[in-house]
Structure formats: structure tokens, C-alpha cells
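Chemist: On the provided structure of chain P, position chain D as indicated by the hints.
From first to last, the protein sequence lines are chains P and D. The opening residue of the first sequence carries number 1 in this note's numbering; numbering runs sequentially from there. The opening residue of the second sequence carries number 1 in this note's numbering; numbering runs sequentially from there.
Calculated directly from the structure, the hints in this document are not laboratory data.
Computed footprint of chain D on chain P; a stretch qualifies when at least three of its residues, placed anywhere within it, have a C-beta under 8 Å from a C-beta of chain D:
| id | segment |
| --- | --- |
| 1 | 13-23 |
| 2 | 30-39 |
| 3 | 67-80 |
| 4 | 106-118 |
| 5 | 361-374 |
From a predicted model like this one, the values you see are computed outputs, not experimental measurements. Note that the Cβ used here is the ideal one computed from N, Cα and C, for glycine as well.
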Amino acid sequence: MTPQLPEDVPSSVDPLDLRAASRDLWPGGTLDFVQGVAAPEPDRVFLPRDAGEVARVLRWAAEAGVPVVTYGAGSGVCGGARGMAGSVVLDTKGLDRIGPLDRDRWTVDVEPGVLGQHLEDWLAARGFTLGHSPSSIWCSTVGGWVAARSAGQLSGRYGVIEDMVLRIEAVSPARGRFVVGDGGDAPEAWWPMLIGSEGTLAVITRVRFRVWPAPASRWLRGYAFDDLPTAVRAMRRLVQAELWPAVIRLYDPVDTRVGGRTKSKDAPEHAPKESDGWLARMLDAVDARRALALPLALPGLVNRLFDAAASGCLLIVGFEGDPGVVDAASRAASALLADEGATDLGDGPGERWWRSRHHVSYKLIPIFEAGGFADTMEVACTWARLVPLYHAVRKAIGHTAIVMAHMSHVYPEGGSIYFSFAGRGDRRAYDATWRAALEAVLAAGGTITHHHGVGALKAAAAAAEVGPAIVGWHDARAALDPTGTMNPGRLFVEGDPRDPPVDRLDPAVDGLVLVPAEASYDERQSAATSVLGELMWPWRTLPAPQPWARMPWQSGPMEVRARVGGRPCVLGRGPRSATGPDLRPWLLERGTNREVTLAVAASGERWMAEGVVAQPWSVAQELLRADLRPAVLTVVDGRLRVGFRGPAAAAMGALARARVPELEQVPYTATASPGGPLVACALDDPNVIWVTTNSAFRVPPTVLEEPMLSLVGAEAP
Amino acid sequence: MSHPVSTCALCPRLCRPVCPVAVGSGREAAVPTAIASVLWDHARGRVSDALAASAASLCVDCGACRSFCQLDAPFPDHLRGARVALAGALPHAVPSPEPLRALEGSGVTCVIETDGRPFGDALSQRLQRSVRRWRTGDALGVAAIDGMDLKGPHAAQIRAQASGLALVVAHGGVAKVLSRLGVPFTWLHELVPSISGVASCCAPGAAAPLGCCGGAGPLVVQHPADARRVAQAWAARAEPGVRVVDARCQAHLAAAGHAVPDAIDSLIADLA
Numbered sequence: 001m002t003p004q005l006p007e008d009v010p011s012s013v014d015p016l017d018l019r020a021a022s023r024d025l026w027p028g029g030t031l032d033f034v035q036g037v038a039a040p041e042p043d044r045v046f047l048p049r050d051a052g053e054v055a056r057v058l059r060w061a062a063e064a065g066v067p068v069v070t071y072g073a074g075s076g077v078c079g080g081a082r083g084m085a086g087s088v089v090l091d092t093k094g095l096d097r098i099g100p101l102d103r104d105r106w107t108v109d110v111e112p113g114v115l116g117q118h119l120e121d122w123l124a125a126r127g128f129t130l131g132h133s134p135s136s137i138w139c140s141t142v143g144g145w146v147a148a149r150s151a152g153q154l155s156g157r158y159g160v161i162e163d164m165v166l167r168i169e170a171v172s173p174a175r176g177r178f179v180v181g182d183g184g185d186a187p188e189a190w191w192p193m194l195i196g197s198e199g200t201l202a203v204i205t206r207v208r209f210r211v212w213p214a215p216a217s218r219w220l221r222g223y224a225f226d227d228l229p230t231a232v233r234a235m236r237r238l239v240q241a242e243l244w245p246a247v248i249r250l251y252d253p254v255d256t257r258v259g260g261r262t263k264s265k266d267a268p269e270h271a272p273k274e275s276d277g278w279l280a281r282m283l284d285a286v287d288a289r290r291a292l293a294l295p296l297a298l299p300g301l302v303n304r305l306f307d308a309a310a311s312g313c314l315l316i317v318g319f320e321g322d323p324g325v326v327d328a329a330s331r332a333a334s335a336l337l338a339d340e341g342a343t344d345l346g347d348g349p350g351e352r353w354w355r356s357r358h359h360v361s362y363k364l365i366p367i368f369e370a371g372g373f374a375d376t377m378e379v380a381c382t383w384a385r386l387v388p389l390y391h392a393v394r395k396a397i398g399h400t401a402i403v404m405a406h407m408s409h410v411y412p413e414g415g416s417i418y419f420s421f422a423g424r425g426d427r428r429a430y431d432a433t434w435r436a437a438l439e440a441v442l443a444a445g446g447t448i449t450h451h452h453g454v455g456a457l458k459a460a461a462a463a464a465e466v467g468p469a470i471v472g473w474h475d476a477r478a479a480l481d482p483t484g485t486m487n488p489g490r491l492f493v494e495g496d497p498r499d500p501p502v503d504r505l506d507p508a509v510d511g512l513v514l515v516p517a518e519a520s521y522d523e524r525q526s527a528a529t530s531v532l533g534e535l536m537w538p539w540r541t542l543p544a545p546q547p548w549a550r551m552p553w554q555s556g557p558m559e560v561r562a563r564v565g566g567r568p569c570v571l572g573r574g575p576r577s578a579t580g581p582d583l584r585p586w587l588l589e590r591g592t593n594r595e596v597t598l599a600v601a602a603s604g605e606r607w608m609a610e611g612v613v614a615q616p617w618s619v620a621q622e623l624l625r626a627d628l629r630p631a632v633l634t635v636v637d638g639r640l641r642v643g644f645r646g647p648a649a650a651a652m653g654a655l656a657r658a659r660v661p662e663l664e665q666v667p668y669t670a671t672a673s674p675g676g677p678l679v680a681c682a683l684d685d686p687n688v689i690w691v692t693t694n695s696a697f698r699v700p701p702t703v704l705e706e707p708m709l710s711l712v713g714a715e716a717p
Numbered sequence: 001m002s003h004p005v006s007t008c009a010l011c012p013r014l015c016r017p018v019c020p021v022a023v024g025s026g027r028e029a030a031v032p033t034a035i036a037s038v039l040w041d042h043a044r045g046r047v048s049d050a051l052a053a054s055a056a057s058l059c060v061d062c063g064a065c066r067s068f069c070q071l072d073a074p075f076p077d078h079l080r081g082a083r084v085a086l087a088g089a090l091p092h093a094v095p096s097p098e099p100l101r102a103l104e105g106s107g108v109t110c111v112i113e114t115d116g117r118p119f120g121d122a123l124s125q126r127l128q129r130s131v132r133r134w135r136t137g138d139a140l141g142v143a144a145i146d147g148m149d150l151k152g153p154h155a156a157q158i159r160a161q162a163s164g165l166a167l168v169v170a171h172g173g174v175a176k177v178l179s180r181l182g183v184p185f186t187w188l189h190e191l192v193p194s195i196s197g198v199a200s201c202c203a204p205g206a207a208a209p210l211g212c213c214g215g216a217g218p219l220v221v222q223h224p225a226d227a228r229r230v231a232q233a234w235a236a237r238a239e240p241g242v243r244v245v246d247a248r249c250q251a252h253l254a255a256a257g258h259a260v261p262d263a264i265d266s267l268i269a270d271l272a
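Extracted from the complex, chain P is given alone in its bound form (with noise of 0.2 Å):
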């Protein structure tokens, strides 16, 4: 019997709503638009205004076997959005409420469908934002921030989406409702499978934030280098100490010369604009729209007059927040820049980009006119591989585009590096860059996205990256999605196995250090202390707290090696990685021979206080509201401890002292902060040994095994 089709769910079959549904923003996609091929068109788009009729949808899909692709506001950049022949198209823009937030646990509800500017302007409105700054927050919804792992301008202060989401409502054909994090129903290991899991498991329908109160203050500032391995060792000394900066964007030679992006903040309007529209800006410097075809066309022999003539690159930092903590760091990030042989430009090149930094993708425009194509690829890995990397993908794809690059994620266990690069001729010219690009990335041991994720682009090269880990991706997909109703053949695509690259960790360079995952805490402190000095996030037992339960700033394990079914396997090739699903935490349980790195505070200033004071984990947490971030933040036979390292350590220090008096200062002791899992309780609950800005923790009354396997068999709807 045909399933009955769920009438009661708005739903469209017009044909400009079928149409509109067939495209995201995959710029392969505009390719074959202007080049006049038709994109594929689902049969149906639903316009779903509650869970419910979310579940009901996808309940008629997967009894039909019809494909369901969610899509948002479609700002995806790799074509995992778009609806398919012989789907339906589940748009969430439907789902569009905002509220209820919390201004005493600092959080706020969010559906789907709300557009990122909507959302901010709603935050903003009540004194609140929630930090989340991608260049695509006009066009983006907060559903596809979280299903593909965004990361925002800010990051550096707060975190990229997964660091601020505490709690996820979803849907899935085979589970039903179903809400996983702070609070939730389902099994934690759900967690990092939904997010980035790109509409391949479930269709979030709810999801709660971590937001701040807007910053008191803002510091923006520029920095010139003479050459690019120099600025990234400065930029990677930054994070390194510790100083947290919101906003971190390394522009290299190339794309600062032809940016111009030393222009004092007072360039008038007309002037090209700031922003990561660097080719846009050549194409300014040329009228180059009707002079477009001819670099495009030579783009080997641009790319070695651009190397010619650019020397010197622009660092834009700047930090937001609580003006004392601002100072604080700015200061210290001011002298350490100095120190790295940095040219102060002063605060028009920060203002400049500030203005127009979500002004990028007008850039692209008049490449796409021109009969060209233009496209962005966003890579990470460690410091150490980070340089190499640069130089193996330039020259991968220099001989077929004009490519230039950025950095704008950084963080102490390494760094992001965004390529823009355009080329002139159809997709099968596109294709080949692209597949070049993704090649030397993995090649020269990267992951293959920070940001953007996967989709149909990038699905091959994404399973090629995750290797043997993908069985966990399939035992969440038996258990959530068994009919294979969900966005089938984007985010992992197989091909032939092959073995994770040579390592090249440099542990003195990259801050990491390379542990057995069943080490204890005495021999992985051992294992920092003969590298560089302590534990960054010294867990007493690994895992670390669960995300929900961690500020944005405080990291777990980053890269996990183990094998799996005899095959090596090597995940978290960067500090941070939007290849689909994190399936880390499922290695970390089902491989074998498994290592972790750690991260490494170098040795370095170091400042701790102690005071008795009443509500100790209350006044814990009022430090974290107040911007601080300290590396040591605990309560010790009764006693509130409070530690900061690096160049801001004593003014940071007097800062805690001044707004907790009772503090008195001690010895710097290296201290360990409770593994996790934790569950969330009252403040002032007795047993409380953990806070963030919206929760404090303690131990599980029994800890709960959730092993991935529990995924299978999972109740139906």
C-alpha cells in the first residue's frame, strides 16, 4: 500500500518552489546556471511548521523510500543542499520562533529556520549576542550553522557552533523525536554525530545556545610582517599564550597586496571595500570585469606576477568583552606582536574590515559573469603542517587558478587556512582544480574542511579523510536513518581506502604532545612537562567534560590515532574539523592501539590566588561571566583557586583580585580539572565541582555507559 502523503503538511509541487529548492550556494552549482545546464528538481518541497509535522514527513518518506533533503536558508557552498531528482525538499524556514532565553543561565531557544541576522538582531534587541559571525549571516539559518559546522568571524572569543550549542532537539525517520545535550532523552554519543552530520541522520529541530551579553568593548587592530612564515609564527605565539583574541585574520603577500588592506579606516565608501573579496579587488584594480577573461584564462602567469610584486602580509586582531580584560590582552598581544618584529598600523585596517565583513561574496559576482568561476576552500591542521600546506596547495592548483589565501581560525593546537582562488572554463575544469586542491590537503596531513563542510563536493575526499572511522557514520545511520531516507550520497562517498599521511608532529612547534588515550593523568601531565611545560586542559580522566559542559576555549583531545578493523586511522587532523560527524569519541571507543594529542601550555608567567570565600563555585562563575579565562578555575578543601598563565597572567590576576578580594596570591600549582561526563545541578548543589557561564556540574549519580552500539535498534517513532 503507497504510504498516504502527509496533506496536513504545507507543501508546495509549484514550480518556481521546485526550482528554487534545486540550487544552494555551491559555486559548481552557478557554474552550470550560467553556463546553461539545469539543475536536478525534487518532486515536492514541504514547509514543515513544528517538529511534528517534521516527523510525519519524514515518517511518509521513509516509508516511501523517497529521499528528503533539508535545506535552510541554502547558503551551503558544496552542494549538499540541494534538492535531487525524485526527492522532496524539507525546508525548515518554517520553523522560525526565537525564545525563550534565559537570562539568568544566559542561553536561548532557536528553531531551525531563523535566519543568523534575525537571530543576532534579536539577541542584540535584549542586550545579548550569541557570537556566531559567519560572512554568510545574512543568507544562512541557524539549522545548517549546526547540521554543517560552522564557525564564525569571532571565533576566537567564542568558539565555532559547536561550542556554543548546549542542547539539540531533532527528528529522525526511524528514532522520531528525540533531544541529545544538556538535559536530553537520547544517548550522548548522538551528540557529535548530529552535529555536522549535514541532514544525513535527523532534521534538527530546536537547538539551544550558549549566548553572552553584547561586550563593552571592542579593540581592533592592525599588524604588518615582512613575510608569512614570520606572521604565522607571531599569530601562533598569540594563541599559544593564551591571550584569547575574538578575531584573528592573517591575510597573506598576495591577497594583502591586492586587498590593499592597509588603508586607514577613513578610506572613503567608493574605495574598494574591505573584505576576503581579494580577487574582486584585482579585478577593481583592472575595471577587470570587461578585462576579466584574459588573468582568468592565464592564471599560472597572474599567480607568479602576483608573487613577484606582493611582499609583506596584514594581521588583523582584536579582542571584545569586559574593557578591563580588553586592555589586559590587548596589551600583552600588542607587546608579544612587537616582539615578533610586527609594524603597528594602528586601528584603521581592523575598523576597515570590521565595516565590511559580510561583504565577501558580493565579490564574486563579476568572476561568474565573466564566464570564469570562483571558489573557497577552508583547510586546517597543525601548526607545524600549516606553511607546507600553504605552499602544496598553491602550487596543486596554481597552473589552473589565480589562488590566494587567508587565516582566520587559529587556535594553540594549530590553525585554519582559507584559499580563494578563480579560474576560467566549465565544471570539468572546476572539477579538476578542486579535486587537485583536496588531494595536496590530505596529502600534506590536513583536514580537508574547517568550515564550509562536505556535501556532494567534498564527500569522496571526506571519506578518503575519516578512512575506516566511517563505520561509525553507518552505525548512527542504521540506528537514526536505517532506510537510507536522509540526504542519501552527500557528506561520505567511499572510494579506495587508503592510510592516513606520515606524521609530523612537532611538539614544540605544534603545542601538542602525542599520548596513549588510557594514560593517566600523572603520565600525561609527565608526558607535557618533557615537551614544552603543563597541560593546557589538564582532565583528570579522559574524556574531557562533554561540550555542553566546557567553555569554548577549554579542548579535549584534538587528534585521535587508532585502528580500526587492522587499518590505521587518524582523526582530528586539525584543531578543528568540518568533515562531517565528529567521530572522534566513537574511535576513541571502538579502535584500537589508540593515541590522543593533547594540548601544551608552554612554560612561561604564571599567577594563582586562593581565597575562602562564601559560594565558592557561584564565585567561580561570575569570573568566567566577567570575561576572565582562567587556566585553573577550581574549588580545593573549600578554597576558590584561581590561576591564569601567559603575558597576561598578573593583570588578568589583578582583575580576579579586584573583583574577589577574599583571593590572596600562592604558588602556581598545575591543577586538575574533573573528566567528564558531568550532568548539570544547582550552583549551590554540595557535590557541584565544575562551572561554566550557564551551568554548574557534577558527577553522574551512576555514569551510564552509551556505547555507540546502543545506537542499534533504537526505538521507532
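Modeler: Here is chain D on its own, set in the frame of chain P:
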């Protein structure tokens, strides 16, 4: 500037958040980029006149996309021409009813700058009640105010309009008239002492990005869901006429009660 259809068809939908039809209806097809892509294909003979006309008719010609666009693409102008050229391709000489779907249930009368389009009449038929139109001669009139950066404020205004399309007011026109008369927008505050902090994104001399009459409360840019609820609450009072001056201060809107629209209506009548 390239041809607006080209610019908009290849744009990554950056004006999406300010399009009242796209936001209010949730239809991807109503995003200006989607409309432009149909017209692009139509110009190349890849789609029918009827489809192109249908796409062009999704627009209510508010002008928000152009005001927001950093490239100042004159897409509304082009669409207006396209609608005229393609009018015969539609089965009825009215725009597609689809935008009206978003208006249903709002329960309030809307004022929409139609710029000669029969949208208001169609709307009136659809809602089965009279619709007031107040033409300013230039979309919403806001662009005529000198010396104001209208990008952000206008965007905020349109987002307010997009709040279920229940809140559409010739707001810019009000501001324009007031500006010409030299009346500061604080007149609301003076007229209705109980109103505190009614905001205007188009207030002459307003501090960017959002102006305010100076009331004590915070500015609130309403999300569509909130604004819809506010609009429905207003509608429940079963009073005719335009309800909302500005949708950005939920608390103050509630405080304003019945007095604000009455005051505006009176003022508009006086000015007319």
C-alpha cells in the same frame, strides 16, 4: 553596475533577510535571487513567459532589497518593467496570490506602497476588507530623506514589516513628511505621554543604526514570531486601520496600546 538580473541572479542571496515576502512566507522562490535566476533563464529562452511572470509577481515592490544591497542593484526597477512586459502571461491581471498567503491570518489591515501595481486591490480582495494605500511616489519614501544611511535602518524596518506582513506602514513616508515639516520623530512621545521609547529607524537625525524617541526602554527588533504575536494581539482588539508604527519595541508597543495608530491616523489625515 552590470545588468540587475545578472547581478542578482549570481548573488548569494544577501538581501534575503530584508525581503518581506521571502521572510514572511518562508518561500525560497520569493528570495530576489531566485526571482532573478528565473528572469535570467527567461532572457535566454529557457523558461516560459508564464513562469517568469509568476516569479516577478512574487515581489511586492517594497524596495528593501535595493536599499540593503551594497551594490545598489536596481532590481526592483527591473522587476517592475518585467511585470508590465509579462502581464499578459498571467492568467489573471493580478499578482500571484502567493505573497498574500503570508498576510492571511494577520487580521490587520496593511498599508503597502504599491507604486501603481494592483497589489493593493488584490490584497483587498483576498483579505475581504479595505486596504489603505498611501503612496509616497518612491518606494516607501525613505530613500528621499537626505543625509541618512538607510542601509541598516531600512533593513531593520523591513524586517519589522516582514513580521508576518502585519505591520506594514508607510513608515518612511511618515518620516519623510515629518522631516519636511521639521517635526522630530519625538512627536509620538509628546503626543502620547504614556508611550516611552517608541523607536523609529527612519527618525530624522536618528543615531545609527537605530533611532529612538528617547524613551527609557530598550530598543527591540522583533523577530517575526514575536511581531506576529503582537500583531495578532492588536488584531484581537478588532479595531480597523493601521496598527503599528514601528515594530521594534515590543514592550513599548504594548504600552502604546491604542493611542499610537490613532495618533498617526490623525496626523496623516491632518497632513493630507
